[in-house]
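Engineer: Kindly generate the complete structure, drawing on both the sequences and the hints.
As a plain string of letters, each chain reads:
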Amino acid sequence: MATQHSRSAARFMMAPAVVLLLGWMLVPLTMTLYFSFKKYLPLRGGDLGWVGFDNYVRFVSSSSFWPSVQTTLVIVGGVLAITLVLGTLLALLLDQPMWGQGIVRILVIAPFFVMPTVSALIWKNMFMDPNYGLFSYLWEFFGAEPIQWMSQASLTSIVIIVSWQWLPFATLILLTAIQSLDSEQLEASEMDGATTIKRFWHIILPHLSRAMTVVLLIQTIFLLSIFAEIFVTTGGAFGSKTLTYLIFQRVLESQNVGLGSAGGVYAIILANIVAIFLMRIVGKNLDK
Amino acid sequence: MARAVTTQRKAFNTLLAWGIGLGIFFPILWTILTSFKTEGQAIADPPLFLMFDWTLENYAVVQERSDYMKFLTNSVVIAGGSTLLGILIAIPAAWSMAFVPSKRTKDILLWMLSTKMLPAVGVLYPIYLLFIELGILDTRTGLVVVLMLINLPIIVWMLYTYFREIPSEILEAARMDGASLKSEILYVLTPMAIPGIASTILLNFILAWNEAFWTLNLTAAKAAPLTAFIASYSSPEGLFYAKLSAASTMAIAPILILGWFSQKQLVRGLTFGAVK
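Residue numbers (the working numbering), protein chains in the order written: chain A, 1 to 288; chain B, 1001 to 1276.
Hints in this document: simulated from the structure, not taken from any laboratory.
Don't take each hint at face value.
What the hints assert, rightly or not - For lysine-lysine, the following DSS-like pairs were computed, each having C-alpha atoms within a straight-line distance of at most 25 Å: (1) A:Lys284 to B:Lys1103; (2) B:Lys1264 to B:Lys1116; (3) B:Lys1070 to B:Lys1222; (4) B:Lys1116 to B:Lys1106; (5) B:Lys1116 to B:Lys1103; (6) B:Lys1010 to A:Lys198; (7) B:Lys1264 to A:Lys284; (8) B:Lys1116 to A:Lys284; (9) B:Lys1106 to A:Lys284.
Unchecked claim - Partial pick of chain B residues on the chain A-facing surface, computed with a CB cut under 10 Å: (10) Ile1024; (11) Ile1091; (12) Ser1096; (13) Leu1118; (14) Tyr1125; (15) Val1146; (16) Ser1183; (17) Ala1212; (18) Leu1216; (19) Ala1220; (20) Tyr1233; (21) Ala1247; (22) Leu1266.
For every residue, glycine included, the Cβ atom is placed at its ideal position computed from N, Cα and C.
Structural biologist: Here it is in structure tokens:
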């Protein structure tokens, strides 16, 4: 059992990490809150005094707000749907016996390790460029008119790029979960004559539900704040401006810090709603 | 699995899985191939797959023209520095939580995790302002600190889950033999924890290497790492496919290789022990 001595030592050893994270959380958060109640334009007069909830109201009533919410939902929802469905199918396939499984796993996992700016640029230029991209050759080969991906289908493009990056993550986690499934249970159901589809619905899917929830929550948190993929592809043009990108533009591009900070507070609240659900699952697991 | 599988079925699985695997990997493969083409061959119609004159010219040009080494050095220093600093701070914290747990340990762990959920854009301006005030905007020091802080929760969590797997009986035996706290950590715990610490370093190095919000927003000419270097190719005058490919290949190759070693740790590190 821990002695009194080791207890105080433990507290002492935890202190640096706790203090640093506390500072990292509280200092910028307090500043964001402070700015959000001010009219603050660093390049046009600086601090112009308190304005109450003005920024909050203006952020929500600006003409770019609702489109940005819609864009965010489309991107997050689209990527989640694609990665969860394809990830489950891919994980089921990778769990099957085959030759060279290790190598296939390596191929599938690779996109996750590509830095976001690189994957965005590769897709934008080498695949989706209307003149020289591989897709345009492919479209022309089949006699179709090449698509102007970035301008005509900006959201689809971004969803494709981001899904490619996150499919490995979903697949890997779901595969891990499938492999922890009790194989005796599967064998028993097979002996009882359950079809593949029945087995999937009644045994595999319920077993995967927790892993799926975890993938969903973690991805949502990361996807809500995707930035580089938009920054280097459309720069927020053609209806691809997410909430994160809108705040970035308010703060750094138009230097309207008060307005951007109010947006930041909305983003923090949104992320926290998702985080609460994730924490509950993680917390339950800690008790075991 | 003990289930009997026909060779035919296995062959079908293999074919399908390899097809999909290669399809997913294709953009990376295509980039690597293109990096060995001339600019003319890179945009040839129809596209050239393997039958072209392989050249290393692009690699030479990219290195020469763009101070590639400077960006690479920045990436190594920033990712490496933030990871090591994070490890040094996290080891004692994770140790104490794993071996001297108190009633609040769980709350502290969850709270640490919650700081990771804070959207970066929500605190962009304060950090930007603080960086200017402290004179660390566009410095490697600044980025080391920020990336260390955003990854610290993951580092603590990963180490905690690894440390918890070390049987505490061994530590108690060492204590019985009169080992001090210091020698207990140094000679008993550390050797057993080295694989876990190494995995944690690996995954967090990768995460820091690829981080592309703070590295893009807090750097300019001096401290920009490879993420920012590649982003500079998005401007129209930078549209040279072969050179873009060479630059991209150099930016992702080292991390791709490290990443393949860290597959298993990825699950542990990014699901916070919720999926095993």
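Engineer: Next, verify each hint and record whether it holds.
Structural biologist: How the hints compare with the structure:
With a CA separation close to 15 Å, the supplied pair Lys284 (chain A) and Lys1103 (chain B) stays within the 25 Å bound. Annotation: proposed proximity of Lys1264 (chain B) to Lys1116 (chain B) holds, straight-line Cα distance about 21 Å (limit 25 Å). For the proposed pair Lys1070 (chain B) and Lys1222 (chain B), the alpha carbon gap of about 9 Å is at most 25 Å, so the pair holds. A hinted pair counts as satisfied when its Cα atoms are at most 25 Å apart, and Lys1116 (chain B) with Lys1106 (chain B) qualifies at roughly 16 Å.
Restraint check for Lys1116 (chain B) and Lys1103 (chain B): satisfied, since their Cα atoms lie roughly 22 Å apart, inside the 25 Å limit. Taking the CA atoms of Lys1010 (chain B) and Lys198 (chain A), the gap is about 22 Å. The hint holds against a cut of 25 Å. Restraint check: the Cα-Cα separation between Lys1264 (chain B) and Lys284 (chain A) comes to about 22 Å, which is no more than 25 Å; the hinted pair holds. For the suggested pair Lys1116 (chain B) and Lys284 (chain A), the alpha carbons sit about 19 Å apart, so the restraint of at most 25 Å is met.
Restraint check: the Cα-Cα separation between Lys1106 (chain B) and Lys284 (chain A) comes to about 10 Å, which is no more than 25 Å; the hinted pair holds. Given hint, Ile1024 (chain B) at the interface with chain A, holds; its Cβ is 5 Å from that chain's nearest Cβ, closer than 10 Å. For the restraint placing Ile1091 (chain B) at the interface with chain A, the shortest Cβ-Cβ distance is roughly 9 Å, inside the 10 Å limit, so the hint holds. Because the beta carbon of Ser1096 (chain B) sits about 3 Å from the nearest beta carbon in chain A, less than 10 Å, this interface hint is met.
At about 6 Å, the closest approach between the beta carbon of Leu1118 (chain B) and any beta carbon in chain A falls short of 10 Å, and the interface hint on this residue holds. The criterion of a C-beta within 10 Å of any C-beta in chain A is met by Tyr1125 (chain B), whose closest approach is roughly 5 Å, and the hint holds. Contact between Val1146 (chain B) and chain A, as hinted, is supported at the beta carbon level, the nearest pair being about 9 Å apart and thus within 10 Å. Residue-level restraint check for Ser1183 (chain B) is violated (minimum Cβ-Cβ distance to chain A is 14 Å; threshold 10 Å).
Checking Ala1212 (chain B) against chain A by beta carbon gives a least distance of about 4 Å; that is within 10 Å, so the hint holds. Annotation: interface hint on Leu1216 (chain B) holds; nearest CB of chain A at approximately 6 Å, less than 10 Å. Below 10 Å, beta-carbon pairs count as interface contacts, and Ala1220 (chain B) has none with chain A, the closest being about 12 Å; its hint is therefore violated. A least Cβ separation of about 6 Å between Tyr1233 (chain B) and chain A falls short of the 10 Å threshold, and the interface hint therefore holds.
The criterion of a C-beta within 10 Å of any C-beta in chain A is met by Ala1247 (chain B), whose closest approach is roughly 9 Å, and the hint holds. This hint holds: Leu1266 (chain B) has a C-beta 6 Å from the nearest C-beta of chain A, less than the 10 Å allowed.
In the structure shown, a violation is registered for the earlier hints numbered 16, 19, in ascending order.
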